[in-house]
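So the sequences go chain by chain: A and B. Position one of the first sequence corresponds to residue -12 (the numbering used here), numbered consecutively onward. Position one of the second sequence corresponds to residue 350 (the numbering used here), numbered consecutively onward.
Misleading hints may appear alongside valid ones.
As the list claims (entries may be wrong) - Rough simulated footprint, nothing fancy, chain A against chain B, three-plus residues with beta-carbon under 8 Å:
| # | stretch |
| --- | --- |
| 1 | 525 to 533 |
| 2 | 654 to 666 |
| 3 | 809 to 816 |
None of these hints come from the bench; they were simulated from the model. Even for Gly, the Cβ is constructed at its ideal location relative to N, Cα and C.
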Amino acid sequence: MRHIISVVVENKPGVLTRVAGLFARRGFNIESLAVGTTETPDISRMTIVAEGDEQDLEQIIKQLYKLIDTMKVFDLPADKAIERELVLIKVAANDKTRQEITQIVDIFRGKVVDVAETSMTIEIVGDENKVSGAEKLLTKFGIRELVRTGVIGLMRGSAE
Amino acid sequence: MEISGAQALLESLKHEGVDIIFGYPGGVLLPLYDAMYANKDIKHILVRHEQGAAHAADGYARATGKVGVCLATSGPGATNLITGIATAYMDSIPMVAITGQVATPLLGRDSFQEADLTGITMPITKHNYLVKKTEDLPRIIKEAFYIARTGRPGPVLIDIPKDVLVNKIKYKYPDKVELESYKPNFEGHPKQINMAVKAIAAAQKAVIYAGGGVIASDANKELKELAEKCNFPVTTTLMGIGGFPGTHELSLGMLGMHGTAYANYAVTECDLLISIGARFDDRVTGHIARFAPNAKIIHIDIDPAEIGKNVRVDVPIVGDVKKVLQALLAKLPAKEKNQPWLDQIGEWKKKFPLSYKKEGGLKPQFIIEELYALTKDRETVIVTEVGQHQMWAGMFYQYDKPRNWISSGGLGTMGFGLPAANGAQFGRPNALVVDIAGDGSIQMNIQELTTAVNNRLPIKIFVLNNCFLGMVRQWQELIYDRHYSHTQLCNNPDLVKIAEAYGAVGLRVTKEEEVRPAMEKALAINDRPVLIDFVTAKEENVFPFVPPGQAINEMIID
């Protein structure tokens, strides 16, 4: 089962390696991992998407808590969390296709952030389904390059 | 006044009550060794291999309960500590390992003798530090000792670049530790403790299963009180040996792969298993689904990650073993003896005692029994290497007090015993320290004989020499059709001559009647180590033996 795990850690060198290493050592595959500082600059938040059953999840959370730099760990349940991902897609474009691409981007409430003679670069923000949906529709134009930030997430309301 | 990082390090260690360091010098550590030249407060023990330093610090920690400290230079010096650090990590031993590192401007350039020690030791330390600024050094030392000794103890590594040792600071040692994110939970939850009280009241056939946590938490008195109050039999893990008196009528000895038959039967039949500071290691549980199949399980552990890791638990209690047991005992009414259950255990004890066949050469079990008879009234610390001799030493010697049994459990480190015995003897100078060894293990860190000789340590090294890697050979015999592939050590050197060459006393014993006189002779020598090479029966096996993958009641008993 797919889990979104949110890890609040002290913003110190080596912490990312400790967390990622813990997943690797215990045989958990990380699907995506996004890190950034929080409202407090010396605290970072990592959002990790990983596969595992409930028991795996419980163990990984406990192991994460064993790291000295870990402050809080949350499992973000799909129905109670806001999840977002940013993707940049560079698609092949020409005079004939540019308009159609722009229409698709509009439907997904994306943005064209760069236009060149033979390509367009598009920014889309959304959950995994939305991003994948846009990616699928744009494939026929020819995707030149693509980068995803990985999921970030927060609990809705004041649940945390 | 400003002092150098090296001096600040020594001052900080002094603040932490460190009086002994096991180490080995090297280029980047020269500022520190120079600072030690004038320092009389901290004794430095020069080992002959850094692995010996780590195991000595570990043995010291296990024998005393204090934090052991070892020191090695950058690169190869530091990587030589790895096995020792991993050993301490697996057995939750409080240790601070200090390593030298290339100067900060040289970091990350593959400089001479550079190795990424924080990277390498991440999976085998409780925490580690690379000190970038001298000003951080006192705080980091304070934190490292706090982390090493609190909660579930473990090794902490501090990697210190050469310039950090040289630069000067205004020294002030912090009064307290401020770690936002590290707050171990010591008190068990009252609700869970109440649940445990209920489960204990309802139990008919309970067994206590005690591990190294009892010793780490200094909870042996509480454990004894619990066992006696409820009349529950107690089995211990390898790490828990000495946590409950081995000669007590409620003692079942060790359980698991080489546990006693009666412990394994009792655990299989019990309706309540109270796990105290133990972690359900695979060597204990055997086939996990068939481990204590009818039992409710109470699991007391300071490390929440241990709870539910390997077995399902009915009553989890996270907290310091001593504090949890005290809280539990305060609420627990005395329980009537369940005589039929104790009688059943008594029958198993009678029917399947630990035993061995007396004929067929000098038996290692006999040697251990003789040692016990000779030393049971003295303060004796038994240290072991890893293998068959380790199991026999655990089975045929009785340990009534904690910290008198020192053995590498989780990692199973050959070469641990001799340096750990050195460390134990430094920590407990008045105790008799005996390293029970195999001929394979003793050769892994035999250079540490020099450390013992130079420091006039009267340790005794009893090699149970069967010219085999005995435990591996036993598996080859029982599981691999006697294919003794590379386990015969037929060209062992003459260990008596080796001992003599190092300046120790060497003796050889080949017959039963020589055992006692040789031991008496060894015990009378107090100014240097003595090695006795016991030439034992070659193909003796450790029984009971639970073959891998079997349930623990499916033993080969003899």
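Residues of the stretch 809 to 816 of chain B with Cβ under 8 Å from chain A, three needed, outcome: violated (count 0)
Within 8 Å of chain A's CB atoms, at least three CB atoms from the stretch 654 to 666 of chain B: coverage verdict: Contact hint for the stretch 654 to 666 of chain B vs chain A: holds, 4 residues under 8 Å.
Within 8 Å of chain A (C-beta), three or more residues of the stretch 525 to 533 of chain B: Contact hint for the stretch 525 to 533 of chain B vs chain A: holds, 4 residues under 8 Å.
The structure does not agree with numbered hint 3 stated previously, though it agrees with all others.
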